[in-house]
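A.B. asks: Going down the list, the sequences are from chains A and B.
Residue numbering for the first sequence follows the numbering used here, beginning at 1 and increasing consecutively.
Residue numbering for the second sequence follows the numbering used here, beginning at 273 and increasing consecutively.
Keep in mind that a hint or two might mislead.
To be verified - Covered, in the sense of this in silico footprint (three residues per stretch, anywhere, with C-beta under 8 Å from a C-beta of chain A), are these stretches of chain B:
no.	stretch
1	291-305
2	332-343
3	365-374
4	393-406
Because the hints were derived from the structure by calculation, they are not lab data.
Think of the CB as a built atom: it goes at the ideal place given N, C-alpha and C, for glycine as much as any other residue.
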Amino acid sequence: MSNTPKDSKRSTKDKAAAARAEAEAAQRRRDNRIRVFGGLAILLVVGLIIGIAVVGSKKDNPAAASTTTVDSAKVPAGVNGSTGANVWGVPYNSVAGKPTLAIWEDFQCPSCAKYESSFGAQITKLADDGKVNLVWRPTTFLDSNFVATSPNPNSSQRAANAWGCAIDAGKKHEFHTLVFANQPATEGNGWTDAQLLDLGKQAGITGAAYTTFTSCFNAKTYDQWVTNSYLAFQADGVPGTPTAYLNGKEVPSGTLQDMAALEKLIAATPAS
Amino acid sequence: MSSDTRAWIGTVLRLGLSAILFWSGLAKLFESNDRRREAILAYRVFPASWADFLGWALPIVEVGLAALLLIGLFTRLAALATALLMLGFIVGISSVWIRGYSIDCGCFGGGGNVSESGKTWRYTAELLRDFLFMGMAVWLVAWPHTKLALDRPPLEGPSDYDDTSYDDEYDDSHDDPDVIEPTEEPTR
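Produce the entire structure from the sequences given, and follow the hints as far as they go.
C.D. replies: Written out as structure tokens, the structure is:
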């Protein structure tokens, strides 16, 4: 710093500039601190939310009998086992030289119930007429959505179990239709065990066969079969329900819900 | 439009997008693993092996962006990511529609296959909505300077952030709303 007047004036200017620079630097430091702490706060909040979600998700899939496929699981009469196409699937019919239409369904899925009521009869007629081999493939992926909220948890799993017992009683088609027809209006509300047993009665299972049906259901005879099918659904990466595959190739929903187009596609598809 | 008005409009858009992303992200996060997975698979775009990862990653990204937009930190970067995310949804929904599948977009939870009836209206509404959200985000990319934000007003976006000394001097004279409003427009 100099003492001459001229320099003094400049010095004042310099001082002002220095002060401003200092103020700006302080402002910058303050802003940077806000960013750092703001960023940390965000990380913390997001991390907390994710943590809660992860912990919450641990209680998923309580319905499944196990988390691994058991190849030796008992299957209902006439149902596919661990080998061949459409493992653990429920064949509706069998005609030589025709393609196979496999439909994945969850008994609690509203879109499946809607599909069943709109087109179910036409689909089974295609099979009855010998134009296609129909295979129903059960899955239970919706159960985990309603663990905490459903008055009847694990309804997909229990309904599929009951279906297995009904298949043994020779009421494969009847029971399948009845479960979808009696799906509760609210998705996830499901059925009580008593309701499922009553559906067996409505399907026409009587006398000694009904006693067998009841004990079969109460013993969870086909729990592992249902779980195997669910695990196959997961392993195949099936995009939801209802999803249909004709000889292993997915049928777009536009075709699946247009019977003329579906019949044309089936006619143009060679045997599997 | 004065820069003040623009900043207030941007504030409304920023908080609106934040609320939308919080809602969509949290709805997905608190669903079951199965449903998250099926919502991704329903698009028939990604292989099954990616579905679990994406089912987690997507809502986490949404909640993260929502949080940044809420406090107005890295607004331009967050808005850019949001716009790209919306573009991804628009492409995804268009793609399933074109390929003849009828799905619930799963945008705010849910998802999966649904009936064909009402498909055209449903897809149209979803696409229009996502275009609207993308437009909101694009506005914030263009004008990220908003009120009630942690971002320092003169600093617009992450590129300014790297070379602080230079950009501070430049921006201080340039974006100070009291000084240069008239000359601001032509330089943009």
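A.B. asks: Taking 8 Å as the C-beta cutoff, is the stated coverage of the stretch 332-343 of chain B by chain A satisfied by three or more residues?
C.D. replies: holds (count 6)
A.B. asks: Mind checking, does the stretch 365-374 of chain B have 3 or more residues with a CB under 8 Å from chain A?
C.D. replies: holds (count 4)
A.B. asks: Counting residues of the stretch 291-305 of chain B whose CB is closer than 8 Å to a CB in chain A, do you get three or more?
C.D. replies: holds (count 6)
A.B. asks: Do three or more residues from the stretch 393-406 of chain B put their C-beta atoms closer than 8 Å to C-beta atoms of chain A?
C.D. replies: That given contact is violated, which follows from only 0 residues of the stretch 393-406 of chain B lying within Cβ reach (below 8 Å) of chain A.
The structure is inconsistent with hint 4 alone, although it conforms to all the rest.
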